[in-house]
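Sequential numbering of the sequence shown, starting at 0, is according to numbering that gives the first Met the number 0.
Worth flagging that the hints you see were computed from the coordinates, not collected in a lab.
Quick caveat: nothing in here was measured; it's all calculated off a predicted structure.
Any given hint might turn out to be false.
Unchecked claim - Label-pair ranges, simulated between beta-carbon atoms: (1) 39 with 7: 27 to 37 Å; (2) 2 with 23: 27 to 37 Å; (3) 48 with 6: 25 to 35 Å; (4) 54 with 26: 35 to 45 Å; (5) 25 with 56: 42 to 52 Å; (6) 4 with 26: 45 to 55 Å.
Every residue gets a Cβ at the ideal spot worked out from N, C-alpha and C, and that includes glycine.
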Amino acid sequence: MKAAWKYIQQFLRDEEGVTAIEYALIAALIAVVIIAAVTLVGKEVSQTFTTIGETLNNANTTPTP
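Build out the structure end to end from the sequences listed, making use of the hints.
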């Protein structure tokens with residue numbers, strides 16, 4: 000029983016796990032920001048290419064005077 004209590008006390012004093020959790024939270028936050036940025040930029044780039052494609056298609060089908 001003393002060994003278990005000693006292990007619990009040592010576990011509560013150990014700060015390495017806290018540091019690992021902090022790094023994991025920072026990494027998760029960075030990942031969320033990257034995903035949000037890629038999603039926003041991806042929609043804008045897709046819309047830009049669609050507009051360019053439609054413009055080029057209309058330029059090719061419009062008869063010249």
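Hints versus structure:
no., hint, verdict
1, 39 with 7: 27 to 37 Å, "violated (47 Å)"
2, 2 with 23: 27 to 37 Å, "holds (30 Å)"
3, 48 with 6: 25 to 35 Å, "violated (60 Å)"
4, 54 with 26: 35 to 45 Å, "holds (42 Å)"
5, 25 with 56: 42 to 52 Å, "holds (46 Å)"
6, 4 with 26: 45 to 55 Å, "violated (34 Å)"
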